[in-house]
Amino acid sequence: MPATHHVFRAQLTSARRREGFIFFLFGAATYFVLLCGAVVIGTIVVRGAGTVFQARAPFINTTFFTEAPESLHVFQYQGRKMELGDAAFRTFEAAHPDVAKGKSDSYVYSAGGIFPCIVGTVLLVVGSMAIALTLGVCAAIYLNEYARDGTFIRFVRLAILNLAGVPSIVFGLFGFGIFVIFFGWNVSLLAGWFTLAFMVLPVIITASEESLKAVPKGFREGSLALGATKWQTIIKNVLPYALPGILTSSILGIARVAGETAPIMFTAAYVVRDKLPWQVDKFSDFFFQGVMALPYHIYVVSSKIPQNEYTERVQYGTAFVFLLIVALIATASIVLRNRLRNRYKW
Amino acid sequence: MVITAPILMDTLPSAPTIRPATAPAPAATAPAGQAAPAAETLIDIDHVDFFYGQSQALHDVSLQIEDKKVTAFIGPSGCGKSTLLRCLNRMNDLIDGTRVAKGSIKIRGVDIHQADVDVIELRKRVGMVFQKSNPFPKSIYENITFGLRLQGVTNKARLDEVVEKSLRGAALWDEVKDRLNASGLGLSGGQQQRLCIARAIAVEPEVILMDEPCSALDPVATAKVEELIQELRTRFTIVIVTHNMQQAARCSDKTAFFYMGKLIEYADTRNIFTNPANAQTEAYVSGRFG
Chain A
120 MPATHHVFRA QLTSARRREG FIFFLFGAAT YFVLLCGAVV IGTIVVRGAG TVFQARAPFI
180 NTTFFTEAPE SLHVFQYQGR KMELGDAAFR TFEAAHPDVA KGKSDSYVYS AGGIFPCIVG
240 TVLLVVGSMA IALTLGVCAA IYLNEYARDG TFIRFVRLAI LNLAGVPSIV FGLFGFGIFV
300 IFFGWNVSLL AGWFTLAFMV LPVIITASEE SLKAVPKGFR EGSLALGATK WQTIIKNVLP
360 YALPGILTSS ILGIARVAGE TAPIMFTAAY VVRDKLPWQV DKFSDFFFQG VMALPYHIYV
420 VSSKIPQNEY TERVQYGTAF VFLLIVALIA TASIVLRNRL RNRYKW
Chain B
435 MVITAPILMD TLPSAPTIRP ATAPAPAATA PAGQAAPAAE TLIDIDHVDF FYGQSQALHD
495 VSLQIEDKKV TAFIGPSGCG KSTLLRCLNR MNDLIDGTRV AKGSIKIRGV DIHQADVDVI
555 ELRKRVGMVF QKSNPFPKSI YENITFGLRL QGVTNKARLD EVVEKSLRGA ALWDEVKDRL
615 NASGLGLSGG QQQRLCIARA IAVEPEVILM DEPCSALDPV ATAKVEELIQ ELRTRFTIVI
675 VTHNMQQAAR CSDKTAFFYM GKLIEYADTR NIFTNPANAQ TEAYVSGRFG
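Quick note, the sequences are listed as chains A and B, same order.
By this note's numbering, the letter at position 106 of the first sequence is numbered 225, and the numbering carries on one by one without gaps.
By this note's numbering, the letter at position 271 of the second sequence is numbered 705, and the numbering carries on one by one without gaps.
Don't read these hints as lab results, they were simulated from the structure.
Mixed in with the good hints, there may be bad ones.
[To be verified] Below, computed lysine-lysine pairings styled on DSS-like, alpha-carbon distance capped at 27 Å:
hint : chain 1 : residue 1 : chain 2 : residue 2
1    : B       : Lys503    : A       : Lys355
2    : B       : Lys566    : A       : Lys332
3    : B       : Lys536    : B       : Lys590
4    : A       : Lys349    : B       : Lys566
5    : A       : Lys355    : B       : Lys540
6    : A       : Lys355    : B       : Lys611
7    : A       : Lys464    : B       : Lys536
8    : A       : Lys423    : A       : Lys222
9    : A       : Lys349    : B       : Lys590
10   : A       : Lys349    : A       : Lys222
11   : A       : Lys332    : A       : Lys355
12   : B       : Lys696    : B       : Lys599
13   : A       : Lys464    : B       : Lys540
14   : A       : Lys332    : A       : Lys222
15   : B       : Lys590    : A       : Lys464
16   : B       : Lys502    : B       : Lys590
17   : B       : Lys566    : B       : Lys599
18   : B       : Lys696    : A       : Lys355
19   : B       : Lys566    : B       : Lys611
20   : B       : Lys566    : B       : Lys696
21   : B       : Lys540    : A       : Lys349
22   : B       : Lys503    : B       : Lys566
23   : B       : Lys566    : A       : Lys336
24   : B       : Lys696    : B       : Lys590
25   : A       : Lys355    : A       : Lys423
[What the hints assert, rightly or not] Interface residues of chain A toward chain B, partial, derived using beta-carbon atoms under 7 Å:
hint : residue
26   : Phe338
27   : Gly341
28   : Ala344
29   : Gly346
30   : Gln351
31   : Ile354
32   : Lys464
Owing to the predicted nature of the structure, the values given are computational and were not obtained by experimental measurement.
Just so you know, even glycine gets a beta-carbon here, dropped at the ideal spot from N, CA and C.
Chain B with its partners taken away, still in its complex shape (with noise of 0.2 Å):
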């Protein structure tokens, strides 16, 4: 697979999309939250109030994530952004404590939260990469067949062809075809967190979410995911958290601002950064605070 040119020293306000865009862009003005819902809406998020505990997290948030494009949620450390995140494949019911007191969180449509829904299949849809790369003991091989395994595929013929699929749509089947039984935790960082995204569409997801995939990496493994995203984004949704303004500004289409639970501004990717606006958007991405 070739791999375009690292978009790594690119600066802030360049354009982040390879292809047209197709919606037109909202209203650099438009009120949080208020961003136009396109029929291409994936995630409906309505007015969620999240608790841990006693300690509410998320604010009334609200907004619309659409589909095969990728959104990046940013804001100060504790702002909610990852919380947003683990709701939306509900990793937060592995915590005690924690409840969505108010609003909804719906999927093509459904209520994740209903009571009806398997959480089960939902995370078969909604496939997740965390922070710091979590390759399991196991080979390379196995890594990306656990998902598949799980749902009873044995077939062999079928698990080999999945798992060329997933590293080449990984972008990392030239690196390590030639060692697919060598542990998975052999890998250099950004490697791992490769083999994790290619775990994570083995299982052929609608959306992934991406936890500050390269927080722990170093710039040219961060270029090398930041490329992947690109290339990934015809075929899935993403949600991307991120620390890093120059990342969300790169390589996402929609950008949401988050302040101490509330969503601040969310807006086409370019407008949060050439035009925030809200004045809170404007000292963030300006670095004037967080």
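Chain A extracted, bound-state conformation (with noise of 0.2 Å):
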């Protein structure tokens, strides 16, 4: 115990004990949500990992990449317990005839792959962004550099901010409602597109004209100042400049159109297609195909089908890869975000 008694001496007051347990709530909280985040990944990938990587080089289990989904034979013969996919189980069928006499279980679903899935969920997620952005790009621009801020504006932003809270079956509802029947799109890649950039275009034009206002007044005036027009001083010295916030916005957008379900099961997803999305007879029917998609193949295989054993691997399987995926994509955005924002820094 030191002798000296100074003015500045710490001490445990109630207010110093009260800091400290609030600051341990605070981080508790954190940590916790850190945990749930931890465990779900954490069971998708030590559960999804035996069907996606394998024992046997190359390690990764490269049919589940490539092959479209098929159903699971199981049965035993000569005393071993076989599991074949569809086409194996024909050929094997065709060797040895005495197979038919066997008693054999098929699963539906539980073979081959998810390729078709990871195809569909790439074009919906590809198209419905570039329709988004677009769009969403555009109205802000507009709301931000060109409408004047009246009433009717204000309107339309709050329109807009409501929009984003609208559940996503309505917006499912809705796509199924105008794009698949009143416009005769029918199931389609070009139904889906629009149904999901729908979805996530409050996101993108908020986001967007966020980002827009962020850019200084001082680069708008000097361009102006310049003798430039209005749109040519948006185009050369505002949105590049943007371009980075927006992006960043995106990502998220991204996340969430690869990711939900409800808005493609009426209006572009198909439960199961032999055909790949290129395999069309001329280039128009390319927009008008239903796909398979990875959300969709989750969903169906985990509730649509008789749930046992060899289902459970097709599901964390596919759910491990859909992980995959929308990390892969995200960060191919952020890492062409961040060289917009290393060009154009301020």
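Assembling the complex is the task here: the two chains are given apart, and the hints tell you how they should meet.
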């Protein structure tokens, strides 16, 4: 115990104690959220790894990434337990006619891979983000640069914000009503693109407007004072600097577009489809075909078919791949954003 | 480019001009807004009332700005001097609810608020340098060529030539000639402001408006910009808004003193600072208020 008692000596007052407690509470909340996230992702990775990776070279289950879903046939043959996909089973059957006599169980979607779903999801994300960014950036430019602030514009902004709170299933039904039925596009990529785009538009418009607002006024004035038109100013001296911010918002949009099941279940997604999207007779058919998609596939294999150990593999494997794909697309956008950000720094 | 000795430490009454005064000085007792309209009047501001929404910022302001001279606007904050400056290239159009309610502003006899005036053409002729230096987050080269590219100039040789000429004109060439492709934002504050001046003169305007160009600069950088103004005065008509009375005294030919949206006195700079006709002007320039 120090002998000197000076005025600044630390004391454990009630204010100090309360502060310590509050900090502990905030910290605990943060780490609890972190823990939840880690448990979710950890479960999917651990249980999905069995499907995605394998013990033999090349260590990645390429079939899972490159094949379409098949039925799995499980049967006893000469004392051994065999697990074969549809195609392999037929070949095996032809070579060993005695199999048919044995008892064979088949499990739908439990063999093969999820290649068509990956392709479908990527197509849906790319198409809908292209539409959403085009419309969203145009709308944001109009709202921030051209429109005069008034009651009407404030109402428009309010409407956009409210749109962000509409449940995705409502967007799904809206898309079904407008695009699928009224426009007669049927269940198609095009209908899915627009439905998903409308779902993320509010987020993109709001974030784009914020990014445009963040561009210093001096850049606009400097450009206008040199005799630029408003449009020249926007395109050369405002939008390029706002792009990194717009891309940041679109990264969140990508995760939502890729992940939502409800908007596409009526508008774009097929439970199963044999043809791949590029196997179309003529070019225009490309836009009017339904696709398989990862979130919808997860929904199907985990609630629409009988559950057993074989379907569980597909469920976790698909979820794992799904996470990977979303992470991949998001990483690509982040890299793009950072490159833009380094180019235009102020 | 050789820069003459800084005139930074000059005190008030020193003669601001390098060259001999051409026009005879108007009588020191001339009432506000009555400076003799000479043949060389470039900008004629005639009884202008200006409003931001409901609040009036300028009250019946009249003054004539002469060609190839430096005119300074001084006065306390909120006196309307920047507002008037921004009227001259219609930058106020960008603010909702602003209007010139009465009077006219004529440049070379053309009313700039006339319906058939293209504000883009006006701004090419009347350039502007802002209070806060605003180089674009592009290279020095791209900053200078921005205005020309807008006009569709793509000839590399021509652009190169303009870049060098403008940077030399802004006394910046020697400092940046080896890094024209570096970002304009990498320059120091004073260099950034001179880059903005170079960018403004690259489009060959007739008038350069300067809105407190040195308010964010240190004394050394300020001195450089002031020297630059001395050099530019032979080629351009310069209108400068400043809070710094010494600056107005040092670098302008004529000075207009504003107070509460009114033009109080407009005369030769020498007269304003040594022998002001108006008691308010005298109180302001001698530092008793404002």
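Run the structure past the numbered hints and jot down the numbers of the failing ones, going up. 1, 3, 5, 7, 10, 12, 13, 14, 16, 18, 24, 25, 31
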